[in-house]
Every structure is written in structure tokens, then in C-alpha cells.
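Engineer: Chains Y and U are the protein sequences, given in the same order. Under this note's numbering, the first residue of the first sequence is numbered 5, with each subsequent residue one higher. Under this note's numbering, the first residue of the second sequence is numbered -12, with each subsequent residue one higher.
Warning: the hint list may mix true and false statements.
Said to hold, decoys possible - Here are a few chain Y residues that face chain U, going by a calculated C-beta distance under 8 Å:
(1) Arg80
(2) Ala81
(3) Phe87
(4) Ser97
(5) Val107
(6) Gly129
(7) Leu130
(8) Ala132
As the list claims (entries may be wrong) - Some, not all, of what chain Y presents toward chain U, calculated at C-beta under 10 Å:
(9) Gln58
(10) Lys59
(11) Gly60
(12) Lys108
(13) Leu110
Calculated directly from the structure, the hints in this document are not laboratory data. Since the model is a prediction, treat every value here as computed from it, not as a measurement. Each residue gets a CB set at the ideal place from its N, CA and C atoms; glycine is no exception.
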Amino acid sequence: MISMRDVSKWYGAFQVLKDCSTDVSKGEVVVVCGPSGSGKSTLIKTVNGLEPFQKGTILVNGVSVGDAKTNLSKVRAGIGMVFQNFELFPHMSVEKNLTLAQVKVLGRNEEEARTKGLKLLDRVGLLAHKAKFPGQLSGGQQQRVAIARALSMDPVAMLFDEPTSALDPEMINEVLDVMVELAREGMTMMVVTHEMGFARKVAHRVIFMDQGQIVEDLPKEEFFGKPRSERAQQFLSKILHH
Amino acid sequence: MAGFDWGEITSNLPYLFGVGMVFTVKLTVLSMAGGIVFGTLLAMMRLSHFPVLSWIAGGYVNLMRSIPLVLVIFWFFFLVPYIWAWILREARPIPVGTFYSALITFTMFEAAYYCEIMRAGIQSVARGQVWSGYALGLNYWQTMGHIVLPQAFRNMLPVLLTQTIILFQDTSLVYVISATDFLGAASKIANRDYRLVEMYSFAAVVYFVISFSLSLLVKRLQAKIAVIR
């Protein structure tokens, strides 16, 4: 479904991604981890073309993301994305957040979009908050709305860019629960996170990045068993034994 | 102040406000609307990834901000008839009247200032908001129109209004093309009746009262916005 080949990206002279290659097949859950500044957020943003890259190819369902002729909006509409800082639209009600893109991008009518949006809002347990504005919700609630918003577009895959790292600890689980449920339903997911508990529970594969490179790309059992690289071992011991 | 003739003011109120102030307010409001629309487009161009667009908009803004307003008013007043004639392929310049000439001038001139305000406004909206719009499949115009500009506009509303108060005062410069704005009306009466002290004092008080009350309003608005954010 998602196929990356030798993706490289530079900010001026600084190379942030170095020949990254990996595949995510349908229904697979891939967790991307690594120290901060390792390029994992950049990598996941290249998948839907939010971050342009200079070298390599990325195919999403056979469509080349880096190709100038590709209709990026169309590709993006089919891939849900959830951000670290939620990025709900603060000047719109929760309901409007859920319906805007359905109407403007997919051409659904208001009624259809509302029904769909409210169903998903109910699913993340926030139906009662539909008339509120994002600023009136807690971080965890906002992130659940953001997930519902992404799902309202009927995406074929979901990208999560550190979805819980801006949350207070007591709110992390309510978001992870939604993500676990999504994974168990067979959603294709690429998740940048440090939540190793989540990775253990639902990931099929774990990618470890360092300094712009994919250092490890292993099935979960192997990764948590004994990663081959020293850097990944160090990272794991730091993150698990702190 | 013994010779101060209050009757001179009261008897001319209908003309001063009915003609002069109507002109001034119409010019201010329409120039503001036009200037904000055009200025926002300029700001989008300035922030564009296409170097040509940002270069053109940047050049325009710097040009307008480097020329005295009076000169621009003159310039458009004498030039627009020729441009108009050229567009319509007429041999003679077509006069457009002082109001439309002034309107075009102020719209174009103020757009440069509104542009800089809206540019700051657009940049005040977090990068992630743009990303999340794009990630949902919205295109550039949809993301701008539904997500970025409403927030930019809200963030910059007090500054936009402050600029409009300046515009309101600046419209008095149309006296150079003999337009009958509020100051123009006052000036005409002053010279006709030789009552310069009464008329210019009254005009000053009116400008002060209006501008000062508007800026108090802006201050309250600012406090309100600060609470919402």
C-alpha cells in the first residue's frame, strides 16, 4: 500500500532523510521510533506529501507522491493524518471540524457529512461535545476528535505523528485506546510514537530511525527481542528503563 | 474667542455632514474593503513559493510605501483617465471623477499596508493548521479560505482597524484634487464665508472625536480577543 524507495531529503546542506526504504502493506501497523531529531516525523510527512523530498520514490496505492503531476490533494484525502498538536480548527465547532473536508473535498452533502461525522464522534466517545469549540476540550478529547476527523474521510491508511506526546499522562490512554481499536479492526497505520506499550500490543513491525536513517526495520517480536544495532539497543534500554 | 461664530457651524452642519462626511465615510469604508481584499491577495503572493509572485508583490508594497500619499493621489488623478482611455481605446482621456479616482488611489495605496498586516496574520497561524488542512485533502485556496485567513483575520482585527483609523484621517488629503470630503467641505465654507477659525477648529474636533472613539473601541476589542485566545 505504501512503498518508499531510497527517500532522501535535505534542508539546505543538512540531510534529514538518508535513503529511507520501507513498505507498509494493507492492514499492517508499523511503529516508527527513534531519538528526537532522527527524522521520523519528517519521514511520515513525506508519505502524504506534506514534506517534499528531493530523491527517491514513494508510492501510495501505486500513485507516486513525489511526482509533480500527481494530484496531491486527492492522495491526501485518502490518507488520514493525526498530528502531535491535534491541529483542530480553533474557529470551528467540533461538528464543523468533522464535516468541512467531507463536504469540500469529497463533495458529500451537509446531512451526509454530519451523520458520518457524528457517528465517528460517538465512536470516540465525544458525541456530547459536538457543539463545543476545540479550545473547550482537553488535549485528549481534542486528539480523539482529530482521529474522528481523519476517519470521516474514509481513509485507506492512517498516519500518526507523535499523537500522544503533547498530552498529559492521564490522557494518553484514552487516545491510545482509540488507536488500538482501530489497529485491531485492520486499519493500515504508520505511527510515530515512543509508546512502546502500544507497539508491543498492536504493531506488526517496528522501524527504528537515527540521524535520518532507517537503522532497524523488524517484526515486533524481533525488535523487542534483540535489535541488531547498538543504537537501537541503547534507545530501547533508555526508553524502557527510565 | 469673542468673535467665534457658533452659528456658522450649526447653520452649515447639513452640508458638512450630509455631503462632506458622507464622502469621507464612503471613501474610507470602500477603500478599507478593497484594500483588505487586495492586500490579502498581495500577502498571499508575498508568501508564495513562486519567486516571481512574491517578487512582484514585494516590489509593489515597497513602491507604495516609499511614495508620499499626496503624490499617489495626484498621480492617479491625472493618470487614471489616460489608462481608462487606453483600455476603452478612446483617443481622449476619460475623467473618472474625484470620488472614483480617490477610491482607486486609496485602495491601491492602503493595500500595501493591509498586505503587511495580513502577511503577519497569515504567519501567525501555526504551520500545523496548514498541514492539517492539506492532510484532509483541501487544496491551497480551500485551506487559505476556510482555515488560515479566518484565523489570520481574527488575530489581526485590531491592527486592521487601527490602520483604518489612519486611512480615515488620510482621506482628508483628497483636498488636493478638490474633492468635497469632510475637510474639503469645511474648507470651502471657511473660504466662502471667511470663517477659517470656526471651520478648521470644528473639523479638527470632529476628526479627533471620531478617531479617538474608534481607537477606544479597538482597545476594547483587543482585550476581548485576548480573552478568547
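Engineer: Hints first: check each against the structure and report whether it holds.
Structural biologist: Hints and how they fare:
1. For arginine 80 of chain Y, the suggested interface contact is upheld, since its CB lies about 5 Å from the closest CB of chain U, less than 8 Å.
2. The criterion of a C-beta within 8 Å of any C-beta in chain U is met by alanine 81 of chain Y, whose closest approach is roughly 3 Å, and the hint holds.
3. The interface hint given for phenylalanine 87 of chain Y is met, as the beta carbon of that residue sits about 6 Å from the closest beta carbon of chain U, less than 8 Å.
4. Because the closest C-beta pair between serine 97 of chain Y and chain U is about 13 Å apart, greater than 8 Å, the hint is violated.
5. The beta carbon of valine 107 of chain Y is not positioned within 8 Å of any beta carbon in chain U (closest approach about 10 Å), and the interface hint is therefore violated.
6. Hint status for glycine 129 of chain Y: violated, given a least beta-carbon distance of 22 Å to chain U, over 8 Å.
7. Using the Cβ-Cβ criterion of 8 Å, the hint placing leucine 130 of chain Y at the interface with chain U is not satisfied: the shortest such distance is roughly 18 Å.
8. For alanine 132 of chain Y, the suggested interface contact is broken, since its CB lies about 23 Å from the closest CB of chain U, more than 8 Å.
9. Annotation: interface hint on glutamine 58 of chain Y violated; nearest CB of chain U at approximately 15 Å, more than 10 Å.
10. With its C-beta approaching chain U no nearer than about 20 Å, lysine 59 of chain Y sits outside the 10 Å limit, and its interface hint is violated.
11. Of the supplied interface hints, the one on glycine 60 of chain Y is violated, with its beta-carbon coming no nearer than about 21 Å to a beta-carbon of chain U, more than 10 Å.
12. Below 10 Å, beta-carbon pairs count as interface contacts, and lysine 108 of chain Y has one with chain U at about 5 Å; its hint therefore holds.
13. The interface hint given for leucine 110 of chain Y is met, as the beta carbon of that residue sits about 8 Å from the closest beta carbon of chain U, less than 10 Å.
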